[in-house]
Amino acid sequence: MPKPQPFAILLDATRCIDCRACMVACSVENNVPMDDTRIWVSGPGVFGDYPDLHRATIPYHCMHCLEPACASACPVAAWTKREDGPVVYDSARCIGCRYCMNACPFGVPHFDWNAGLLEQPLISKCSLCAHRLDAGEQPACVQTCLTGALRFGRRDEMIAEARKRIAENPGRYIDHVYGETENGGTSYLILSHVAFGLLGLPELGPRSVNEVSEKVMGTTIPFALGWAAVLAGVSAGVHLHNKRKEAAAQPVEEKE
Amino acid sequence: MSDRRASASRRDFLKLGGSSLGALALGAALPAPVAQAARRQGLLDSRGGGVIPTLCEMCVWRCGVLARVRDGRVVKLEGNPDHPHSRGRLCARGQSGLMTTYDPDRVLQPLVRVGARGAGTFRKASWDEALDLTAQKMLQIRDRYGPQAMIFSSTHNLSQTQFENLLGAYGSPNYGTQRSLCFNSMVTAFLVTYGIEEPARNYDNVEYILLVGRNLAEAISTSETGALIEALARGAKLVYLDPRFTKTAAKATEWIPIRPGTDAAFLLAMIHIIVEEHIGDCDFVQQYVQGCQQLPQAMAEYTPEWAETKTGVPADTIRRIAHEFAAAKRQALAHPGWRTSNFVNSFQTERAIATLNAIVGNLFEPNGCLVAASPEASGVNLGKPPQPAYPRITAQRLDGVPWKYPMVPLKLGVFQELRDAILAGEPYQAHGWFISRQNPVLSLPDRRRTLQALERLDFVVDIDVVLNDTGWFADVVLPEASYLERYDPLSVLDGQVFLRQPVIEPQGEARSALWIYRQLGERLGLADFFQYVDEEDYLRQQLAPLGASLEDLKASGRLSVATSKTGEITFNTPSGKIEVYSETLANAGFSPWPTWEEPPAPEPGQFYLLTGKVGQHTQFATQNNQYLHKYQDEPRLWMNMDSAAALGLQDGDWVHVTSPVGRVRIRLLATPAIRPDCVYMPPGFGHFSKALRTAYGVGASDSDLHVTYVDPISGGQALSQTFVTVERA
Amino acid sequence: MRMQVALPSRVDLRPRRLVWVLLGLMGIGLVVAVVRFANGIGAISDLSNTYPWGFWISFDLFTGVAIGSGAFVMAAAVYIFELKEFRPLLRPSVLTGFLGYIMVILALLVDLGRPERIWHLMIYWNHTSILFEIGVCVMSYTAVLAIEFAPVLFEGLKLETWARRIHRYIMPFVILGVVLSTLHQSSLGSLLLIQPEKLHALWWTPLLPVFFFVSAVAIGLAMIILESSLSASAFGRGLETPLLEKLARAAMVVSGIYLLMKFGELAWTGELGLLLSSGSMSLLFWAELILGSVVPLVLFAIPRFRHSPKGLLVGATILLAGMILNRFDVSWFAIRRLTDVGYIPTLPEISISVAIFSFGILAFILAARYLPLLDPQEKTSAPAEIAGAHG
Ligand SMILES: Nc1nc2c(c(=O)[nH]1)N[C@H]1C(S)=C(S)[C@@H](COP(=O)(O)OP(=O)(O)OC[C@H]3O[C@@H](n4cnc5c(=O)[nH]c(N)nc54)[C@H](O)[C@@H]3O)O[C@H]1N2
Ligand SMILES: Nc1nc2c(c(=O)[nH]1)N[C@H]1C(S)=C(S)[C@@H](COP(=O)(O)OP(=O)(O)OC[C@H]3O[C@@H](n4cnc5c(=O)[nH]c(N)nc54)[C@H](O)[C@@H]3O)O[C@H]1N2
Ligand code: SF4
Ligand code: SF4
Ligand code: SF4
Ligand code: SF4
Ligand code: SF4
Ligand SMILES: [Mo]
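Chains as they are written, first to last, in our numbering: chain D, 1 to 256; chain X, 257 to 985; chain U, 986 to 1376.
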């Protein structure tokens, strides 16, 4: 039986009116502290010269990468990529090193900068409302989006829907579904009428950023063992060599 | 912008917000104030968890809500998929609603003023004391000066019928509503023209949409906002007239930064083209439009070239848009607008819109995009408690209707005049003001005058959920239970009945308006007018004619009522037709045709001061909501960057904005998104009530600047007609 | 460079006054640390979601670990390659390394959001995480350094038998130490591999770990030179100029290799153009290579220079400056940010590092005074000098 496709959110920037209902919904649903947010407005806002103006913004949150760098990077494996899409966080493990924040190519995870030891600072980011998915519901942000700018479904269906919109509306969209390939593919897919870079979305290749580092990491144990063996060998060799030399040059006390 | 930086310095809210997350846990230790009715109804499990259908009240659109409750606390609000407004979705304000209920600044006990009026010093009082005091003062005023000396005012809400019942029973003709600040020109114009208050819009088949300053992407009506975006995604064209590049403008096919106050010229020129070139729906016009023969002649002078000189929009553009609009025929829609309180000529703008729709015949069912019936009046007959007739009122209305404003429908009134009559003492002196669910200190133009008026009165009572700026000036503040804590009379929409019911028990001593009005009625000796035992009893009496049980309604939150829909178009006007030519207007001494009235314009160096909603707040009410505060943009004065540069101002500078009546200090937003001759201030900021700890001190109030200008026909306030100067602070 | 600031030769080095200054700086750091633990990292630093890592990571972690590399270089030289002549330099290097790593851990305890959970590194393994590897290596290596340094301590406590016992089994630890060092010195470079799109192309390459390792060797050599020179002047100890000269030669060779590799990599990937086209990034790149490699290569190639104590000091300092700049570049300056939020380390932030550094110096001074930093097996220079220096 083929594995079911992961879920994905499809955002159509041409429909988004920057009303921020998704953001309030997220904050309420997920008890996000007042000084933090898991989803924020990204994009240039109004641009152009009066009166030839344009506007573009998107709600920005975790991309739920198919090969998440945050999960790859975290030293204590606090991130898990679920089969149904979400990249979720186990706060009980986190040591607050913030390497995930460096690793994430989308700048997604946030840290609780103003929490002292007792307030238990944590990383926060969108969970794709995994707990709602478990209950058979849509993510809170998608559920409330007034304009249908956010949609939710299986990733392949969302990509098909996005392609359909591009095909049916020539000229309306940039001919690319952001997230289809970026960083190895993501579960947040974006359709836009303006360059993705303008929206604050980084230009990324089809390989996940963690590919090289994971390869290097994979060589660690063999390398360590090999290197230890070499060093032991060298050490023994040198020792023997010196012993022999010493023996040969018995009488000489000090060389230098 | 609610980027991460902006929200990064706001941890204090958690501490301040006793009700927010940290304290939610604390509260859970207390006996859970779960809604007893909902529990009895079986909507909640034994631990006080479950989902309760109710209605949003974060704005007047009143979407359906499914409230999720856990351990006796509301934890999340979802849009009710079965409500035609929410269709499963809530806007930012609706989503934030539980914070309005759990606002740490809620007033949860009656307050009685102790210090000077406006000093904001109150003591807590029992309901008995506060109600007795209020009744005693109201009786005193009635006995001394007559019932007309007591002003009542309230903004659209579900218990408004009982508010009106109170004022009717008390016998005062003086009733102020938000209407004249909001939609008088639209409603008056459509009453005159179509005989209905506000036609419904239908986006199902629309192909060409003309929005005249109807900022649907920010002044949100969930379902309509969604329908517009849906139509645009389908390929409909949107032409949007607004001096500002709003979020709606950003979605428009064409944004026309029209000169403020000249929309009528633009629209009249469109009518001119359409009738001149016979490209409208002539059959429809001949059958239904009063004055169709003379229309071309009446519009003769309004050529696009003429309109260009008024509006600044090229004649060719107007001509092209007229052609496109007419070509779309019944799939064209010129939106009637909502807050149409812009200029003293806004009534004419609305008349032109009504005419434009009529001449392309889009009122035709089944495909028409403008529906000549208002959605609320859908033929559902609810019961009501029995009551005696109201006392006869002989006193003149202080707001000048109809003696000064013959065309203003009685129901709409002219709120600004009411305030000014307090100050003038003409035609008689008012002595008391009873305010419910309204914030006139901020919503009326010229805040200083409003405060002076309050100063002049013997007694002011305010019913609210927080101590807003009006409550700050009241003598008695009565805390209403929030919309998640109370019942209200039924809401009727599209042939369905919807229920607001408590999701949690009221916090503190807060009580429903139904309860408060009845208590007051009893103390005023008007018990006969309030013949209901409690809220549930009131609702049962409402439901009686429908043969429906309250219990069923509580479980589902709604009830479909069979209504007879006639396919026939009838217009409730004197002629029974669409009165593009109105005898009524002529008789009142106004132009019977939609006509051009030259609006005032700013002197060089002055700017039009514009207002308009933001998507994250409702009016003057939600700025203290911490969730909305979190996601709002910093309120700034918008000015075109070229104009700013010419004044030597830079983005972020502090500036003084000065009008003939006031001056405020605010930070400048230098942006390309506004006409160079306009500035804009988001309304609802600049609260001075220190009891609003989140909102206090944020931004400035445009109500400090607005001059009171009244449209002589519709009584609407002209909120774009104040001209200001700006200089570095 | 910072070393010079900490111990400039002009400043009155009478230990008592210096000790008070160091204690004062530590006190300030302690107060700041209390605020940090009470109110969060944001309360004292300019770190943000755009700059999750800043001065502490660049200075205390990246620079700290790099300059601690003298220990493994010397351990390898003395124990594995049996270059016995370097014995006099071994103990100070191991001590510097040990203290250096303790300083790194102290800094991490301040920088980690949840320092009380640092042990999670040891129990929740993530086999794809470079940071996991570094964490495990750094902690283990600190333990190894403790073992390597233990004989000195025991000698100081007059527990010579214990010292000898440890000494007898030292080899496996030395090998383990070198392996762990190789791993984490290079892995600090690997740490940045996960930011291929953020770290500027002049620096990002799959060879980062190799570059880090090679440069760590150069840094280790330069550190030993610098530290010997400084402690010689500070404690009036005899300077091992001939030994240091050899190290300088080694540093020269390593610098040459490093330079070749750096340019070779850019040439191989066809990115030589970036050397000129990347504005301030190009400048930084040139600065770190010129200071860290070209200048030492040239200077140390001049025998007269290499043989003079001053020349050694200057050469090593310049090398370190360049290499430290490299660590700052890769972990801070050359990383593209996703927002335009800026970052300027705050005084309190820096004061933490200063305090930790002061602690290191104080610990070194105390160790130098009270512990036999000179291997008793070696008699090349008179141990009496240490004691006799200040009396
Ligand atoms: N989020 C949110 N939604 C709301 C509300 C809210 O407070 N917040 N309030 C609700 C209520 S009560 C109302 S009445 C509606 C109001 O909804 P709208 O009728 O859309 O009213 P506004 O946003 O007040 O103003 C709309 C636009 O009119 C422009 N304008 C000003 N003067 C002129 C002019 O002379 N000509 C033209 N063409 N445009 C002009 C302003 O720039 C502004 O962008 O919104 C409702 N929905
Ligand atoms: N400058 C400027 N002035 C304007 C406008 C503008 O855009 N700019 N808009 C105009 C328009 S369109 C309108 S509709 C009016 C609106 O004018 P108002 O109706 O005066 O303003 P609101 O802010 O809606 O006032 C609502 C009040 O009700 C309170 N409230 C909220 N929930 C409850 C409740 O459950 N029970 C009770 N008892 N009180 C509650 C709130 O705290 C608030 O004080 O303002 C008009 N005035
Ligand atoms: S966007 Fe960032 S945080 Fe989200 S899954 Fe990808 S790497 Fe992880
Ligand atoms: S901050 Fe927490 S979640 Fe992120 S990498 Fe470090 S331990 Fe993992
Ligand atoms: S999916 Fe859930 S957690 Fe993520 S942004 Fe949407 S509401 Fe927030
Ligand atoms: S709710 Fe939808 S339309 Fe509103 S900001 Fe979010 S994505 Fe955009
Ligand atoms: S439009 Fe928003 S605030 Fe108004 S009723 Fe609907 S959800 Fe509530
Ligand atoms: Mo309104």
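Derived from the structure by calculation, the hints contain no laboratory data.
Among these hints, one or two may not hold up.
Said to hold, decoys possible - Below, in silico cross-link-like pairs of lysine to aspartate or glutamate (EDC-like), each with a Cα-Cα straight-line distance of 20 Å or less: (1) D:Lys-215 <-> U:Glu-1070; (2) X:Lys-332 <-> D:Glu-203; (3) U:Lys-1183 <-> D:Glu-137; (4) X:Lys-869 <-> X:Asp-889; (5) D:Lys-164 <-> X:Glu-486; (6) U:Lys-1069 <-> D:Glu-246; (7) D:Lys-3 <-> D:Asp-134; (8) X:Lys-667 <-> X:Glu-420; (9) X:Lys-493 <-> D:Asp-134; (10) D:Lys-243 <-> U:Glu-1067; (11) X:Lys-585 <-> X:Asp-399; (12) D:Lys-245 <-> U:Glu-1067; (13) X:Lys-332 <-> D:Glu-211; (14) D:Lys-243 <-> U:Glu-1070.
Status of each hint after checking the structure:
About 40 Å separates the Cα atoms of Lys-215 (chain D) and Glu-1070 (chain U), which puts this hinted pair outside 20 Å; it is violated. Between Lys-332 (chain X) and Glu-203 (chain D) the alpha-carbon distance is near 36 Å, which puts this suggested pair outside the 20 Å criterion. A distance of roughly 36 Å separates the Cα atoms of Lys-1183 (chain U) and Glu-137 (chain D); the hinted pair therefore is violated under the 20 Å criterion. Proposed proximity of Lys-869 (chain X) and Asp-889 (chain X) is supported: the alpha carbons are some 12 Å apart, at most 20 Å.
At most 20 Å may separate the alpha-carbon atoms for a hinted pair to count; Lys-164 (chain D) and Glu-486 (chain X) meet this at roughly 16 Å. Note on Lys-1069 (chain U) and Glu-246 (chain D): the hinted pairing holds, with a Cα-Cα distance of about 13 Å set against a maximum of 20 Å. Annotation: proposed proximity of Lys-3 (chain D) to Asp-134 (chain D) holds, straight-line Cα distance about 17 Å (limit 20 Å). Taking the CA atoms of Lys-667 (chain X) and Glu-420 (chain X), the gap is near 11 Å; set against the 20 Å cutoff, the hint holds.
Taken as a hint, the Lys-493 (chain X) and Asp-134 (chain D) pair is broken in the structure, with Cα atoms around 41 Å apart against an allowance of 20 Å. For the given pair, Lys-243 (chain D) sits about 11 Å from Glu-1067 (chain U) by alpha-carbon distance, which is consistent with the 20 Å threshold. For the given pair, Lys-585 (chain X) sits about 60 Å from Asp-399 (chain X) by alpha-carbon distance, which is inconsistent with the 20 Å threshold. A threshold of 20 Å between alpha carbons decides the hint, and for Lys-245 (chain D) with Glu-1067 (chain U) the separation of about 12 Å falls inside it, so the pair holds.
Between the alpha carbons of Lys-332 (chain X) and Glu-211 (chain D) the distance comes to roughly 40 Å, so the proposed pair goes past 20 Å and is violated. Pair hint Lys-243 (chain D) plus Glu-1070 (chain U) holds up; C-alpha atoms about 16 Å apart against a cutoff of 20 Å.
The earlier numbered hints that this structure contradicts are 1, 2, 3, 9, 11, 13.
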